[in-house]
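Peer 1: Here is how the chains run, residue by residue.
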Amino acid sequence: MPALVSQRHKAEDLASAVELCFSRGWTDGLPVIPPTEPLVRAMLDAAGLAPEQQIAFITHRAVSITAEKVAINAVMAGCRPEYMPVVVAAIEAIGDPQWSYHGPGTSTAGAGVLMIVNGPIARELDINAGDNLFGPGWRANATIGRAVRLVMRNVCGSRPGTLDRGTLGHPGKLSYVIAENEIESPWTPLHVERGFGAEQSTVTVLAAEAPHQIYNQLSNTADGILRTMADDMRISGNVMGQPQYAVILAGEHMRTIGADGWDKPRIRQFLFEHTKNTHAHLKKTQRMSGELKPGDETLLRPLVESPDDILVVAAGGRAGAFSAYIPGWGSKRSSQSVTKVVGRQEVAR
Amino acid sequence: MIEILDPTTEAATQTIAFAPRPPALAGLRVGLIENTKFNSDRLLQKIGEILKTEYGAADVRMWRKHNSSVPAHQEIIDELTRTCDVMVAGVGD
Chain R
1 MPALVSQRHK AEDLASAVEL CFSRGWTDGL PVIPPTEPLV RAMLDAAGLA
51 PEQQIAFITH RAVSITAEKV AINAVMAGCR PEYMPVVVAA IEAIGDPQWS
101 YHGPGTSTAG AGVLMIVNGP IARELDINAG DNLFGPGWRA NATIGRAVRL
151 VMRNVCGSRP GTLDRGTLGH PGKLSYVIAE NEIESPWTPL HVERGFGAEQ
201 STVTVLAAEA PHQIYNQLSN TADGILRTMA DDMRISGNVM GQPQYAVILA
251 GEHMRTIGAD GWDKPRIRQF LFEHTKNTHA HLKKTQRMSG ELKPGDETLL
301 RPLVESPDDI LVVAAGGRAG AFSAYIPGWG SKRSSQSVTK VVGRQEVAR
Chain X
1 MIEILDPTTE AATQTIAFAP RPPALAGLRV GLIENTKFNS DRLLQKIGEI
51 LKTEYGAADV RMWRKHNSSV PAHQEIIDEL TRTCDVMVAG VGD
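The listed protein sequences derive, respectively, from chains R and X.
The working numbering applies: residue 1 is where the first sequence begins, and numbers increase by one.
The working numbering applies: residue 1 is where the second sequence begins, and numbers increase by one.
Chain R on its own, in the form it takes in the complex (with noise of 0.2 Å):
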């Protein structure tokens, strides 16, 4: 078995560890495991990964992130061993050039990196689908987010006010890990749009900020659910930048716009068609620059530059008449979700 080659460290007792961790600048704010050998073993075991294996290379930041720095941020995260491989998935998709590490990781703009599930891993992990989406209550949602930051900030230097100047941040930055409701969903899943099988377990990384609930109590229709999200859309994220969007549907304006036979793509064109913002309104709102034209009250910008760039996801409560829209961070040309199969570093060892 490979020796494990991090630097080791000695504390009296495991509450002296849990210090330690916080001393020397290794955690989010919040206690963590102290990763002990054994504990990282059976992280590495759980994915049939060897220590030394990389995971991603950072390119702007000439890091290289190893398996073994992978597990040892997972059990400071408080992961399950068997949630391993998504962590690592999650972490390759970081590492993914289409996503561009230097830019979403570091900004002032303060993103987070928002894990969407796919695939039977996230039913065996239960990584929650339903109830209080992005609230706290789930083992695999809260520590497999947080795997990913710890790693982000102990591997990759992501720390707040040097290598990560976000000026606000947000809550999702802690942990932001969804799965897609795939069982009740009337909707193909996310990971087949993008062409797995839906029998593969993927992750989906999207750079974004915090979700934006909308409320819609009022219309039993497709067309009047989506006409309120796209009002709320309109102007909400960086509105000249075009980043991508995911847009979380939840369970009653689901069904709701299930029931009238609207599928994803039309979904995704609807709101595209109705998030266009007039010259105009960029201009007078101090959007866009430049002095008000003839035809600028006519002249539309779009939101995105394309419908594909909002990731459509069937997830949250079963009840209550909400969803949620999440810009990505800054724009498509700077950063892209991505998305990797779950398992598919495993090695024979």
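Some clues are possibly wrong.
Unchecked claim - Straight-line Cα separation of at most 20 Å, PhoX-like style, residue types lysine-lysine; simulated pairs: (1) R:Lys332 <-> X:Lys65; (2) R:Lys276 <-> R:Lys293; (3) R:Lys276 <-> R:Lys332; (4) X:Lys46 <-> X:Lys65; (5) X:Lys65 <-> X:Lys37; (6) X:Lys65 <-> R:Lys283; (7) R:Lys283 <-> R:Lys293; (8) R:Lys332 <-> X:Lys37.
Claimed, not checked - If you anchor each label on the Cβ, the simulated ranges turn out as follows: (9) X:Met62 <-> R:Leu300: 25 to 33 Å; (10) X:Pro22 <-> R:Ser16: 50 to 58 Å; (11) X:Met62 <-> R:Asn220: 40 to 48 Å.
No lab work stands behind these hints: they were computed from the structure.
Ideal Cβ placement from N, Cα and C applies to all residues, glycine included.
Put chain X on the given structure of chain R with help from the hints.
Peer 2: For chain X alone, kept in the frame of chain R given last:
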């Protein structure tokens, strides 16, 4: 006694070969790299003017990166290498 493993990693050491800094700018060609952030072109233009009027730079040219979150793309670097003696770049909001 409990022994724990260090979760941090140091970045790999890299050697960066900086071009030697010239003792003066008089007669030199200056390249400016604009990062696409609002007003960054105006700021750099001002810097370019000062380098010409106060320091005697021969010429100032500006390039625009694809976006602010990535390094300057290769075409910029190639052209800069051929046509400039010094360059000014920066990061900021």
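Peer 1: Hints first: check each against the structure and report whether it holds.
Peer 2: Results for each hint:
1. R:Lys332 <-> X:Lys65: Judged against 20 Å, a Cα distance of about 15 Å means the pair holds.
2. R:Lys276 <-> R:Lys293: Given pair Lys276 (chain R), Lys293 (chain R) holds - Cα atoms ~18 Å apart, limit 20 Å.
3. R:Lys276 <-> R:Lys332: Between Lys276 (chain R) and Lys332 (chain R) the Cα gap is close to 16 Å, so the pair holds against 20 Å.
4. X:Lys46 <-> X:Lys65: Given that 20 Å is the threshold and the Cα spacing comes to 18 Å, the pair holds.
5. X:Lys65 <-> X:Lys37: 10 Å, holds
6. X:Lys65 <-> R:Lys283: 25 Å, violated
7. R:Lys283 <-> R:Lys293: Holds, at about 10 Å.
8. R:Lys332 <-> X:Lys37: Satisfied, since the Cα-Cα distance of roughly 15 Å is no more than 20 Å.
9. X:Met62 <-> R:Leu300: 25 to 33 Å: About 31 Å separates the Cβ atoms of Met62 (chain X) and Leu300 (chain R), which means 25 to 33 Å holds.
10. X:Pro22 <-> R:Ser16: 50 to 58 Å: 55 Å, holds
11. X:Met62 <-> R:Asn220: 40 to 48 Å: Violated - the Cβ-Cβ distance for Met62 (chain X) and Asn220 (chain R), about 56 Å, lies outside 40 to 48 Å.
Hints 6 and 11 from the earlier list are contradicted by this structure; the remaining hints agree with it.
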